[in-house]
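Throw the hints in and build the complete structure from the sequences for me.
The sequence shown: position 257 = 257 (full-length UniProt numbering), numbered continuously.
A hint or two may mislead.
Dumping the calculated DSS-like pairs for lysine-lysine here, alpha-carbon to alpha-carbon at most 27 Å [claimed, not checked]:
1) 156 <-> 238
2) 195 <-> 48
3) 238 <-> 92
4) 48 <-> 268
5) 92 <-> 72
Restraint ranges, calculated between C-beta atoms of paired labels, are given here [claimed, not checked]:
6) 215 <-> 176: 35 to 43 Å
7) 201 <-> 44: 23 to 31 Å
8) 170 <-> 45: 46 to 54 Å
9) 233 <-> 8: 18 to 26 Å
10) 7 <-> 44: 54 to 62 Å
11) 7 <-> 198: 26 to 34 Å
12) 233 <-> 166: 23 to 31 Å
13) 237 <-> 119: 39 to 47 Å
Because the hints were derived from the structure by calculation, they are not lab data. All C-beta atoms, glycine included, are put in the ideal place defined by N, C-alpha and C.
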Amino acid sequence: MALHHDDAQVARNRLEIIAVTTAMCIVGTIAIILRIFSRYFIVRNPGKDDWSMVVAWVISLGYYTETLVDWKLGLGMRSTMLRLEDMIAIMKSSLAIELTYYVAVYFIKSSIILLYLRFATQKRFRILCEATIALLSIYTLICVVVIILQCRPVAKLWDVTGTLPATCINSGLFFLITASFNLASDIWVTILPIKTLIGIQSPMREKVALIFVFAMGTFSCVAAMIRLKALVNFTHSKDVFFDTVPLDIWSSIEINVAILCSSMPSLKPLLFYWSRSERNKRINHGPNSKGYIRSNASGSGSGNNRRIHHGDPEAIPGSFAMTSRLNRENNSKIMDASSDTESTENILTSSDGKIYIETRVEITQNMKMEHARNMV
Numbered sequence: 001m002a003l004h005h006d007d008a009q010v011a012r013n014r015l016e017i018i019a020v021t022t023a024m025c026i027v028g029t030i031a032i033i034l035r036i037f038s039r040y041f042i043v044r045n046p047g048k049d050d051w052s053m054v055v056a057w058v059i060s061l062g063y064y065t066e067t068l069v070d071w072k073l074g075l076g077m078r079s080t081m082l083r084l085e086d087m088i089a090i091m092k093s094s095l096a097i098e099l100t101y102y103v104a105v106y107f108i109k110s111s112i113i114l115l116y117l118r119f120a121t122q123k124r125f126r127i128l129c130e131a132t133i134a135l136l137s138i139y140t141l142i143c144v145v146v147i148i149l150q151c152r153p154v155a156k157l158w159d160v161t162g163t164l165p166a167t168c169i170n171s172g173l174f175f176l177i178t179a180s181f182n183l184a185s186d187i188w189v190t191i192l193p194i195k196t197l198i199g200i201q202s203p204m205r206e207k208v209a210l211i212f213v214f215a216m217g218t219f220s221c222v223a224a225m226i227r228l229k230a231l232v233n234f235t236h237s238k239d240v241f242f243d244t245v246p247l248d249i250w251s252s253i254e255i256n257v258a259i260l261c262s263s264m265p266s267l268k269p270l271l272f273y274w275s276r277s278e279r280n281k282r283i284n285h286g287p288n289s290k291g292y293i294r295s296n297a298s299g300s301g302s303g304n305n306r307r308i309h310h311g312d313p314e315a316i317p318g319s320f321a322m323t324s325r326l327n328r329e330n331n332s333k334i335m336d337a338s339s340d341t342e343s344t345e346n347i348l349t350s351s352d353g354k355i356y357i358e359t360r361v362e363i364t365q366n367m368k369m370e371h372a373r374n375m376v
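Shown next, in the form of structure tokens:
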């Protein structure tokens, strides 16, 4: 009975790591695709923050690949179920996983701070952002060097027999310290822009919404907290091949949730674009609408008045008219084309002698795209 229960635990352990890491990889991939689409095709203004996040995403794919390799070798199983060569291969891959995690987290945080620098106008805020990037760069470099040199010779890291003489640091203490620093830096990066966001001249509702979007980084902080707890449990493990699963799972969650949350501000232009497109579709194809009205004024009083349906090559994006279809005798047309927004007024005289005014407002696509470019 005990053996059957242990088999069930192993099966659940292995299912959890493959399911969660795969789901997280998909989430991170969708987030980065939408981000690049928004910045490159809609805003047409990709920045260093976007490319830094792309690098982080590529590294996260490496983390997922390394996890898959370990899973195929038997990660999540009891050490008594594994062959010696599989244990050695898993330990070697674990070294790569450690390095991948630290580098991915670094590029994610750098991307977030580079995003802050997009709207940084105060010198003090810019200095804080640049100093944070410098500190994270030095910290990550130290971590990478220490991880590689934690044992001399490095082969001691996959010496599962314990027969190879070597000098090693207290790796458990090192990882606890770095995990604590990661959590502290997550919190710092999250609260860093709050004062600047509060000072932005905008309606309170928009200001609160913007702060909320940036504060979504707290989800990554929560994942980092849970990962720290999993790391504490792992340091007391008697079977690292079985007990490393929660740590690997929460590392994957932390990385990909951070990619998702830090990409949310960049998706605002995409949401704006989609909402405007849907609104235009409802206007053009609504039950009470049969399309736009195009009016070519003429002095004869008859004019040329026809409807332009959605998809018509002569349709003007974002245009609308406030009009009534009248039989008119006289028509004069005034247009101000000095900007991307054009307004056309037709003075109409009906057969009963009353005067009507048709006003057409045309908002060109260029104006809408310029508005999107100014959005974060």
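Starting from residue 92, check that the Cα of residue 72 is at most 27 Å away, please.
-> Holds - the C-alpha atoms of residue 72 and residue 92 are around 14 Å apart, at most 27 Å.
**Q.** Distance restraint evaluation - residue 215, residue 176, Cβ atoms, bounds 35 to 43 Å
**A.** 27 Å, violated
Outcome of range test on Cβ distance (residue 170, residue 45; 46 to 54 Å): Hint holds: Cβ distance 47 Å, inside 46 to 54 Å.
Verify the CB-CB distance for residue 233 and residue 166 against the hinted window 23 to 31 Å. Holds, since residue 233 and residue 166 (Cβ atoms, about 26 Å apart) stay within the stated range.
Exercise. Starting from residue 238, check that the Cα of residue 92 is at most 27 Å away, please.
Key: Holds: residue 238 and residue 92 sit about 19 Å apart, inside 27 Å.
task: With 23 to 31 Å as the target window, see if residue 201 and residue 44 comply at their CB atoms.
output: 25 Å, holds
| query | residue 7 and residue 44, beta-carbon distance inside 54 to 62 Å? | reply | Given a distance of about 56 Å, which is inside 54 to 62 Å, the answer is holds.
**Asked** Given a hinted range of 18 to 26 Å, is it respected by the beta-carbon distance of residue 233 and residue 8?
**Response** 20 Å, holds
**Request:** Could you grab the alpha-carbon distance between residue 156 and residue 238 and see if it respects the 27 Å cut-off?
**Result:** With a Cα-Cα distance of about 18 Å, the restraint between residue 156 and residue 238 holds, given a limit of 27 Å.
- Is residue 195 within 27 Å of residue 48, Cα to Cα? 23 Å, holds
* To do: Starting from the hint 39 to 47 Å, judge whether the C-beta atoms of residue 237 and residue 119 obey it.
  => Holds - the Cβ-Cβ distance for residue 237 and residue 119, about 45 Å, lies within 39 to 47 Å.
task = For the pair we were handed, residue 48 and residue 268, check the Cα-Cα distance against 27 Å.
result = At roughly 18 Å apart (the allowed maximum being 27 Å), residue 268 and residue 48 satisfy the hint.
Hint violations for this structure: numbers 6, 11, all remaining hints satisfied.
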